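Put chain B with the ligand on the given structure of chain A with help from the hints.
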Amino acid sequence: MSLTSLSAVEQSRKLQAGEVSAVDLARAYLDRIDEHNPGVGAFLRYDAERALTAARHIDERRKAGEPLGPLAGVPVAVKDILAEQGERTTCASRMLEEFRAPYDSTVIARLKAADAVLLGRLNMDEFAMGGSTENSALGKTSNPWDLKCSPGGSSGGSAAAVAADFAPLTIGTDTGGSIRQPAAFCGITGMKPTYGRVSRFGLVAFASSLDQVGPMARSAEDLALLYGAIAGHDPQDSTSLNQPIGDLSTISQPLKGLRIGYAKEHFAAGLDGEVDEAVRTALKVYEALGATLVEVSLPHSKYAVATYYVIAPCEASSNLARYDGVHYGYRSDVAKITAELSAQRAALEEAGERRAAEDLDTPLVRMYRQSRSEAFGPEVKRRIMLGTYALSAGYYDAYYLKALKVRRLIRQDFDKVFEQVDVLAGPTTATPAFELGSLVDDPLAMYLVDLYTVSANLAGVPAMSLPCGFSKSGLPIGLQLQAKPLAEETLLRAAYMYQNETEWHLQRPAL
Amino acid sequence: MPDYTTIIGLEVHVQLATKSKLFCRCSTQFGAEPNTQTCPVCIGMPGSLPVMNREALNLALKTAVALNCTIPPMTKWDRKQYYYPDLPKGYQISQYDMPMSEHGFLEIADSKDRFETKQVRILRAHLEEDAGKSVHDEVAGRADSMIDLNRTGTPLLEIVSEPDMRSGLEARAYLDELKLLLTYIGVSDCNMQEGSLRVDANVNLHIAASDGKIATPIVEIKNMNSFRAVERAIDYEARRQYDVWQETGAKIGDVPKQTRGWDDNAGVTRGQRSKEESSDYRYFPDPDLVPVKFSEAEVQTARESLGELPAALRSRLQAEHALSVYDSEVLVNQGVDVVAYYLAAVEVAGDGKAVCNWVSQDVLRVLKESEANIADFGISAKSLGEFVGKLKAGDLPSARGREVFDVMLEEGIDVDQAMQKLGIEEIDESELVGICQSLLEKNPKIVEDVKGGKQQAVGALIGQAKKQNPNADPGRVRQICLDLIAQM
Ligand SMILES: [Zn+2]
Numbered sequence: 180m181s182l183t184s185l186s187a188v189e190q191s192r193k194l195q196a197g198e199v200s201a202v203d204l205a206r207a208y209l210d211r212i213d214e215h216n217p218g219v220g221a222f223l224r225y226d227a228e229r230a231l232t233a234a235r236h237i238d239e240r241r242k243a244g245e246p247l248g249p250l251a252g253v254p255v256a257v258k259d260i261l262a263e264q265g266e267r268t269t270c271a272s273r274m275l276e277e278f279r280a281p282y283d284s285t286v287i288a289r290l291k292a293a294d295a296v297l298l299g300r301l302n303m304d305e306f307a308m309g310g311s312t313e314n315s316a317l318g319k320t321s322n323p324w325d326l327k328c329s330p331g332g333s334s335g336g337s338a339a340a341v342a343a344d345f346a347p348l349t350i351g352t353d354t355g356g357s358i359r360q361p362a363a364f365c366g367i368t369g370m371k372p373t374y375g376r377v378s379r380f381g382l383v384a385f386a387s388s389l390d391q392v393g394p395m396a397r398s399a400e401d402l403a404l405l406y407g408a409i410a411g412h413d414p415q416d417s418t419s420l421n422q423p424i425g426d427l428s429t430i431s432q433p434l435k436g437l438r439i440g441y442a443k444e445h446f447a448a449g450l451d452g453e454v455d456e457a458v459r460t461a462l463k464v465y466e467a468l469g470a471t472l473v474e475v476s477l478p479h480s481k482y483a484v485a486t487y488y489v490i491a492p493c494e495a496s497s498n499l500a501r502y503d504g505v506h507y508g509y510r511s512d513v514a515k516i517t518a519e520l521s522a523q524r525a526a527l528e529e530a531g532e533r534r535a536a537e538d539l540d541t542p543l544v545r546m547y548r549q550s551r552s553e554a555f556g557p558e559v560k561r562r563i564m565l566g567t568y569a570l571s572a573g574y575y576d577a578y579y580l581k582a583l584k585v586r587r588l589i590r591q592d593f594d595k596v597f598e599q600v601d602v603l604a605g606p607t608t609a610t611p612a613f614e615l616g617s618l619v620d621d622p623l624a625m626y627l628v629d630l631y632t633v634s635a636n637l638a639g640v641p642a643m644s645l646p647c648g649f650s651k652s653g654l655p656i657g658l659q660l661q662a663k664p665l666a667e668e669t670l671l672r673a674a675y676m677y678q679n680e681t682e683w684h685l686q687r688p689a690l
Numbered sequence: 002m003p004d005y006t007t008i009i010g011l012e013v014h015v016q017l018a019t020k021s022k023l024f025c026r027c028s029t030q031f032g033a034e035p036n037t038q039t040c041p042v043c044i045g046m047p048g049s050l051p052v053m054n055r056e057a058l059n060l061a062l063k064t065a066v067a068l069n070c071t072i073p074p075m076t077k078w079d080r081k082q083y084y085y086p087d088l089p090k091g092y093q094i095s096q097y098d099m100p101m102s103e104h105g106f107l108e109i110a111d112s113k114d115r116f117e118t119k120q121v122r123i124l125r126a127h128l129e130e131d132a133g134k135s136v137h138d139e140v141a142g143r144a145d146s147m148i149d150l151n152r153t154g155t156p157l158l159e160i161v162s163e164p165d166m167r168s169g170l171e172a173r174a175y176l177d178e179l180k181l182l183l184t185y186i187g188v189s190d191c192n193m194q195e196g197s198l199r200v201d202a203n204v205n206l207h208i209a210a211s212d213g214k215i216a217t218p219i220v221e222i223k224n225m226n227s228f229r230a231v232e233r234a235i236d237y238e239a240r241r242q243y244d245v246w247q248e249t250g251a252k253i254g255d256v257p258k259q260t261r262g263w264d265d266n267a268g269v270t271r272g273q274r275s276k277e278e279s280s281d282y283r284y285f286p287d288p289d290l291v292p293v294k295f296s297e298a299e300v301q302t303a304r305e306s307l308g309e310l311p312a313a314l315r316s317r318l319q320a321e322h323a324l325s326v327y328d329s330e331v332l333v334n335q336g337v338d339v340v341a342y343y344l345a346a347v348e349v350a351g352d353g354k355a356v357c358n359w360v361s362q363d364v365l366r367v368l369k370e371s372e373a374n375i376a377d378f379g380i381s382a383k384s385l386g387e388f389v390g391k392l393k394a395g396d397l398p399s400a401r402g403r404e405v406f407d408v409m410l411e412e413g414i415d416v417d418q419a420m421q422k423l424g425i426e427e428i429d430e431s432e433l434v435g436i437c438q439s440l441l442e443k444n445p446k447i448v449e450d451v452k453g454g455k456q457q458a459v460g461a462l463i464g465q466a467k468k469q470n471p472n473a474d475p476g477r478v479r480q481i482c483l484d485l486i487a488q489m
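Protein sequences appear in the order of chains A and B. First residue of the first sequence? That's 180 in this note's numbering, and the numbers climb one at a time after it. First residue of the second sequence? That's 2 in this note's numbering, and the numbers climb one at a time after it.
Calculated from the structure, these hints are not laboratory results. All values derive from a computational prediction rather than experimental measurement. Glycine included, C-beta positions come from ideal geometry on N, C-alpha and C. Be careful, since some hints might not be right.
Said to hold, decoys possible - To spell it out: a stretch of chain A is covered by chain B in this simulated footprint if at least three of its residues, at any positions, have a beta carbon under 8 Å from a beta carbon of chain B; those stretches are:
hint: 1; segment: 199 to 213
hint: 2; segment: 257 to 270
hint: 3; segment: 273 to 286
hint: 4; segment: 380 to 390
hint: 5; segment: 602 to 614
What the hints assert, rightly or not - Below are the BS3-like pairs computed for lysine-lysine, each with C-alpha atoms no more than 25 Å apart in a straight line:
hint: 6; chain 1: A; residue 1: K584; chain 2: B; residue 2: K113
hint: 7; chain 1: A; residue 1: K584; chain 2: B; residue 2: K258
hint: 8; chain 1: A; residue 1: K581; chain 2: B; residue 2: K77
hint: 9; chain 1: B; residue 1: K455; chain 2: A; residue 2: K581
hint: 10; chain 1: B; residue 1: K81; chain 2: A; residue 2: K560
hint: 11; chain 1: A; residue 1: K581; chain 2: A; residue 2: K515
hint: 12; chain 1: B; residue 1: K81; chain 2: A; residue 2: K584
Said to hold, decoys possible - To list a few chain B residues with every Cβ distance to chain A over 12 Å, as calculated:
hint: 13; residue: N69
hint: 14; residue: Q82
hint: 15; residue: V161
hint: 16; residue: A210
hint: 17; residue: G254
hint: 18; residue: S280
hint: 19; residue: D281
hint: 20; residue: Y282
hint: 21; residue: L314
hint: 22; residue: V326
hint: 23; residue: S371
hint: 24; residue: R403
hint: 25; residue: G453
hint: 26; residue: G464
With the rest of the complex left out, here is chain A (with noise of 0.2 Å):
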């Protein structure tokens, strides 16, 4: 058995037993990577003799009989929308190619005290908006159980990774499903935790009251492992809980007498048949297992991608503002804006169109608007319009401010669920994968892919994806757990129960 194929846990405990060296570990993940990734693209760059050096430090420090982290030598990679410090974080833009961090993100600074070896940056849609990763203006990912199909996304190549072993663990964030959409397209497990649960310190923001970074990996266990470096209070961040984390060993105690509920309105039209089987049968494994089942109703998730397609915009707009051309980032070739504008004032003035002169943008605004309409992609620029319209004098309160409403009746929906219900269980996707392409033009379809995912980010409970069955044609299907706030150890002790139950998870695509 190669080490690529040993779980994080097997690779920690191996390491700590010196049987492996990081050194070993992180060139077998590296040799992998140099062979698959023109394939895959999950990654788009990763460093070699950075991870080595990193690595060989642990190694050492081992030898030494220091204390190490938790992560000591087991390889991560991360989604490149986390800032680290002198290296480029470019969130898939053109706006942000060229942007070196001059601060740690608390994720990978935490990452960095936990040891980890950080292998590279993993591919996403363009700041985080998609759900294909083909919004990426740096590259493509595939889906490896099929090069023809899209990985999911943001996290596309977050999922991508894991599932072609690039590396045991990796990063991803989640807007509305952006780590759950991808893990249950790639057949992996990740998981959003809590809203507030993990520092949002050094993310760059997409939607700042629905962004959650998390933990992906193969299975439960290998997620508890990161999650565990990961999660906890940051100062730096002023919506950071302030909540102790659960003991997370205790994951695999079997939970006595788990209730678990499944939203009538999860299995409705649209459901493709296949992925409705393999959840039922899911749900079927967990009754066998002792746990209770019962019928509960999720009455405004039906409002859930309105509602999401209003708050992030909105959100976004604001974001995406300081991406002006001015201080960092892209900025389009003044000289050439300041020759056109001259050009165009003298035509017209020339045609005796003074007013249309005067109404001329001035260099700077031409600036920021050329600088804006060359860097940012498609998706990004429809979204910022969307936002931006619903922020304005008129529309606010049609839009922004009834979302708002719908978002707090969204959230009192799982309120009254978890007062039934320890585990809310249903799919995570309505269909397996989706071929790269086939919904490029349609972006409104493309918004429907999050029809079940969204609710979770809209009321801030923390939820996961974990394989439970595949397709006919080979393509993996994915469960959705969902839990009340901070309950991430009853999510990953269900997990964990599924997945001692089931070999869904140890599947591998064939590269």
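Okay, now just chain B with the ligand, sitting in the frame of chain A:
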């Protein structure tokens, strides 16, 4: 009498005296090299997040209670969105529909009775972060713009008044009183040159008409860099609006609110580009910051921390030290340090009115001439108190008071040393009687004149008595001479 009323509301931005910025730990020190007081948070780096500075909130709370404002139990942060090169995030964090305080008032009065004492209502006071500064280099045909982000994120309290002022004079009185209050409670140094205090004025006119009143369009005046400039700008603007109204008849609502800049040298307001005015700031709650809750105890603590406010202090000086309204105003308006000096001197001298005369005339004159602060004044409060005490007791002839004061100041010595230096001693009564007696003997004409009813004739002897002994008190010389003549 013009047939219009000027309606004035002021927006005052005050920089709070915190060591660090509103949402990060960067220094707010004035005058540092450009862009040296910045960090990822205040320059809006991707991924950075704001964390509220509690101290700024405490100072804002203190100000709000001093302005008699209502403090709601909860307040939140909003983003005010617009593009500007010195606004690095593309939005300013401010407070929109739930400010941290509202509905207060500030009382203004004029000791010269040019307007009636009134309460100017405060609409709201809210916290916000400052933007940076654009520096335009247009030397020799260049058009470079540079940006200094040192100011970015500096905590500002925006105090918005209701349109309750009616003249430039009232506006200035409001600003003077506000500045005094803010410096008394120590929340800001209010230095206009360093941008710690900035004023925008909203001005329009209510013109009497046969069918009620007509309101002219509101104009916001910016770029005023002194209180004097505010007063002048408002008075200018009122006349200008009246002229415009006579010419065009434009009423409020006919044209959008206009922004005009004040040119202090030319003494005129000038229109600014109207294109940038129809702003839609797209305010919405900042999702990076949690709402702030005030407990009743925190508000109470803020209230108790205020100390004695200027208005109360004036009343106390009038009641306890028998000062006139004018005197109490002169002292209190000099600031908390001068009042402390005054009170310490009174403690020693035991005469509030006499100390007030010396402080408000001589001490303040010297300070003004030397452009110094009371902290650097050469006579300590205790020393001044002893000096006034001696004058009051008659131990120091009042005629020589000024001389002694000057020596104390120049030499940095106390009253006893100064008197010694000047050879001022108490003159023995019998000696003085002796001097007067011999003078009367030598001047029978004067004795005759006085007997004839011309008492003022004694005046001629005072100078001669002083020649014989410089400590001779003129009043006593006069009295002794009159007494002696009466006995003749
Ligand atoms: Zn800063």
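Going down the list of hints, with the structure as the test:
1. Check on the segment 199 to 213 of chain A: 0 of its residues sit with their Cβ under 8 Å from a Cβ of chain B, so the three-residue criterion for coverage is violated.
2. Check result for the segment 257 to 270 of chain A against chain B: holds, 4 residues qualifying (beta carbon to beta carbon below 8 Å, three or more required).
3. Given a C-beta distance limit of less than 8 Å, the hint that chain B covers the segment 273 to 286 of chain A holds, as 6 residues qualify and 3 suffice.
4. Using a Cβ-Cβ cut-off of 8 Å, 8 residues of the segment 380 to 390 of chain A lie near chain B, which meets the minimum of three, so the contact claim holds.
5. Only residues whose C-beta sits within less than 8 Å of a C-beta in chain B count toward coverage, and the segment 602 to 614 of chain A has 0 of them, not enough to reach three; the restraint is violated.
6. Using a Cα cut-off of 25 Å, the hinted pair K584/A and K113/B is violated, with the two alpha carbons roughly 57 Å apart.
7. Restraint check: the Cα-Cα separation between K584/A and K258/B comes to about 34 Å, which exceeds 25 Å; the hinted pair is violated.
8. Distance hint between K581/A and K77/B is fulfilled; the C-alpha atoms sit about 19 Å from each other, no more than 25 Å.
9. Proposed proximity of K455/B and K581/A is contradicted: the alpha carbons are some 96 Å apart, above 25 Å.
10. A hinted pair counts as satisfied when its Cα atoms are at most 25 Å apart, and K81/B with K560/A qualifies at roughly 21 Å.
11. Restraint check for K581/A and K515/A: not satisfied, since their Cα atoms lie roughly 44 Å apart, outside the 25 Å limit.
12. Of the supplied pair hints, the one linking K81/B and K584/A holds, its CA atoms being roughly 22 Å apart against a limit of 25 Å.
13. Against the 12 Å criterion, N69/B stays outside the reach of chain A, whose nearest CB is about 30 Å from its own CB.
14. At roughly 6 Å from the closest C-beta of chain A, the C-beta of Q82/B falls inside 12 Å, breaking its exclusion from the interface.
15. With 12 Å as the threshold on Cβ separation, the claim that V161/B sits away from chain A holds: the shortest Cβ distance comes to roughly 20 Å.
16. Separation of A210/B from chain A is adequate, the least Cβ-Cβ distance of about 32 Å exceeding the 12 Å criterion.
17. Look at G254/B: its CB is around 17 Å from the nearest CB on chain A, clear of 12 Å, so calling it non-interface holds up.
18. Not every Cβ of chain A is farther than 12 Å from the Cβ of S280/B; the closest lies at roughly 10 Å, contradicting the non-interface assignment.
19. Against the 12 Å criterion, D281/B falls within the reach of chain A, whose nearest CB is about 5 Å from its own CB.
20. The claim that Y282/B lies off the interface is violated: its Cβ sits roughly 9 Å from the closest Cβ of chain A, which falls inside the 12 Å cut-off.
21. No Cβ of chain A comes within 12 Å of the Cβ of L314/B; the nearest lies about 39 Å off, and the non-interface call holds.
22. Its beta-carbon lying about 49 Å from the closest one in chain A, V326/B satisfies the requirement of being farther than 12 Å from that chain.
23. No beta-carbon of chain A comes within 12 Å of the beta-carbon of S371/B; the shortest separation is about 46 Å.
24. Listed as outside the interface, R403/B is consistent with that label: its C-beta sits roughly 62 Å from the nearest C-beta of chain A, beyond the 12 Å cut-off.
25. With a least beta-carbon separation of about 92 Å from chain A, G453/B lies farther than 12 Å from that chain, consistent with its non-interface assignment.
26. For G464/B, the non-interface assignment is confirmed: its Cβ lies about 78 Å from the closest Cβ of chain A, beyond the 12 Å cut-off.
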